[in-house]
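A.B. asks: Okay, here's what each chain looks like letter by letter:
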Amino acid sequence: MHLTVKKLSKAYGFFWALKDLNLDLVPGELVALLGPNGAGKTTLLKLIAGLTPASLGKIELDRMPLSRASGSSRAQIGLLAPAAHLYEDLTVRENLEFFTSLYGRKNDAGNISSALASVDLGDRADEFVSTLSSGMKCRLSIAKWDLLEPGLLLLDEPYGVLDGSGVDLLEEFLKAHCRKGNLVILASHHVSRVLKISSRAIILHQGRMTFNAPRQQPWPEFDQAFREFLPHGEA
Amino acid sequence: MKLLRETYLVLRKDLVLQLRRRDSLLTMFFFGTLLLFVFHLSFDLVPDRVSEMAPGLLWLAFLFTGTLGLAQLFGAERENQCLDALLLSPLDRGALFLAKACLNFILMLLVELVIIPLFWILFNLQTWNLLPQVFLIALLGTLGFCVLGTVMSALTLRARARELLLPLVLFPLMIPIILATIQCLGAVLRGGELGDALPWLRLLIGFDVIFLTLGVLVFDWVIEIE
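Heads up: the protein sequence lines correspond to chains A and B, in order.
Numbering of the first sequence is given in my numbering, commencing with residue 1 and proceeding in unit increments.
Numbering of the second sequence is given in my numbering, commencing with residue 1 and proceeding in unit increments.
Think of the hints as simulated: they come from the structure by calculation, not from any bench.
You may find that some hints are simply not true.
Claimed, not checked - DSS-like mimics (lysine-lysine), calculated; alpha carbons at most 30 angstroms apart, straight line:
no., chain 1, residue 1, chain 2, residue 2
1, A, Lys180, A, Lys46
2, A, Lys46, B, Lys2
3, A, Lys46, A, Lys6
4, B, Lys2, A, Lys7
5, A, Lys6, A, Lys175
6, A, Lys19, A, Lys7
7, B, Lys2, A, Lys6
8, A, Lys19, A, Lys46
9, A, Lys180, A, Lys196
10, A, Lys196, A, Lys6
11, A, Lys175, B, Lys2
12, A, Lys196, A, Lys19
As the list claims (entries may be wrong) - Non-contacting residues of chain B with respect to chain A, defined by C-beta distances greater than 10 angstroms in every case (computed):
no., residue
13, Leu86
14, Pro167
15, Ile205
No residue lacks a Cβ here, since even glycine has one placed at the ideal position from N, Cα and C.
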């Protein structure tokens, strides 16, 4: 999925959370979205997901304007918010069955079981989501988006709730998702970890994009741009 | 066809959640019953006067219990940002509206199935033969209430004091349906003939049809408003 963002701005009252953002991301990229708290990362993800309207500018998916009213456009965008977007009083399996049905994806028992097994939740399929830990809910979200296969997957700080094997699982899933020609945008504060798997980095600072380039090794420009908001003690 | 399929999916999910939680249904049921007992203790009505007061009292009970249900209508979606998950999905907003309106309609009908006979028992009404007509009018009135209530519930979804705001916004808009339902019920209870209140019955049906259609069409705008 090709994502183009032109002069995108978002204001909350008199405060500009994002200002004049331009992006052109091609299929297969795994984009690291970085920046300090309040930089506008979540706002950008919500705008692309169509969960909040832009104040100015436009977003295009595969050269077509993103229409919030179009179901087919929305089916192409996924937002993995750890431990959210799941019904607590439905079982793990019922959640997956509900969302796959909504997206018109295959939801036979075998498909769901194998998706759950891939995130080590095979034995929790008939338990209520409310009984799962945050990390397990995040794993369930991974299984959910694995089944829904969106062309553009957005992730908002997924590392915080995952343990070591969960992180490996997430990264393997993201790499495999990109290999299929899908676009992934991953917002996180775990810079070194995100940079290892990403093919491009974007830095937002106070609502403006201060850096946007494909990954290189070594990467002095990134180091310089990143140093401006680097928290004390982080290398 | 897609609209109906998606309506069914969301409604089935909501009914499963309701069966597991039972909070809305039980609250509505106990509140409705409590109101009837309060009315019974407050008004020492002779049988002749009951038929005059019954339509208003019954509708007050429906209105208040229904408002309780509306306040909880998007309860499951407010947890865990599940509304965002639905808005992010290709789900037709009209289907979301229909599913939520149907859910509230089913809950209210279940409550009314208990409240209406209980009203007849508490106020010692002898006109049990009129119950089918009373249920028919209650059904039409409840449909209008649920349709308009679902739109208003979604409109106030992100409001800070939504439980306070919802009745303030909803009740003035409900006046035509309250009037029509009370007039229809009054005509049935007085003379046993629904035909006496035909203009009000037409208004009631018209209101239901118009707001059901409008709800499907405008819900996309209503649910996404910030």
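A.B. asks: Compare the structure with each hint and give your call.
C.D. replies: We went through each hint and held it up to the structure:
Between A:Lys180 and A:Lys46 the CA atoms are separated by roughly 24 angstroms; this keeps the pair inside 30 angstroms, and the hint holds. Between A:Lys46 and B:Lys2 the alpha-carbon distance is near 26 angstroms, which keeps this suggested pair within the 30 angstroms criterion. A distance of roughly 16 angstroms separates the Cα atoms of A:Lys46 and A:Lys6; the hinted pair therefore holds under the 30 angstroms criterion. Our distance criterion of 30 angstroms between C-alpha atoms is broken by B:Lys2 and A:Lys7, whose separation comes to about 36 angstroms.
A distance of roughly 27 angstroms separates the Cα atoms of A:Lys6 and A:Lys175; the hinted pair therefore holds under the 30 angstroms criterion. This hinted pair checks out: A:Lys19 and A:Lys7 have alpha carbons roughly 7 angstroms apart, not beyond 30 angstroms. Between B:Lys2 and A:Lys6, the direct Cα distance comes to roughly 33 angstroms. Violation of the 30 angstroms bound is thereby established for this hinted pair. A C-alpha spacing of about 15 angstroms is found between A:Lys19 and A:Lys46, which places the hinted pair at or below 30 angstroms, so the restraint holds.
This hinted pair checks out: A:Lys180 and A:Lys196 have alpha carbons roughly 19 angstroms apart, not beyond 30 angstroms. The straight-line distance between the Cα atoms of A:Lys196 and A:Lys6 is roughly 28 angstroms, inside the 30 angstroms bound, and the hint therefore holds. At roughly 34 angstroms between alpha-carbon atoms, A:Lys175 and B:Lys2 are farther apart than 30 angstroms, so this suggested pair is violated. The hinted pair formed by A:Lys196 and A:Lys19 meets the criterion: a straight-line CA distance of about 28 angstroms does not exceed 30 angstroms.
Not every CB of chain A is more than 10 angstroms from the CB of B:Leu86 (nearest about 8 angstroms), against its label as outside the interface. Interface exclusion of B:Pro167 from chain A stands, the closest Cβ pair being 27 angstroms apart, more than 10 angstroms. No beta-carbon of chain A is positioned within 10 angstroms of the beta-carbon of B:Ile205; the least distance is around 30 angstroms.
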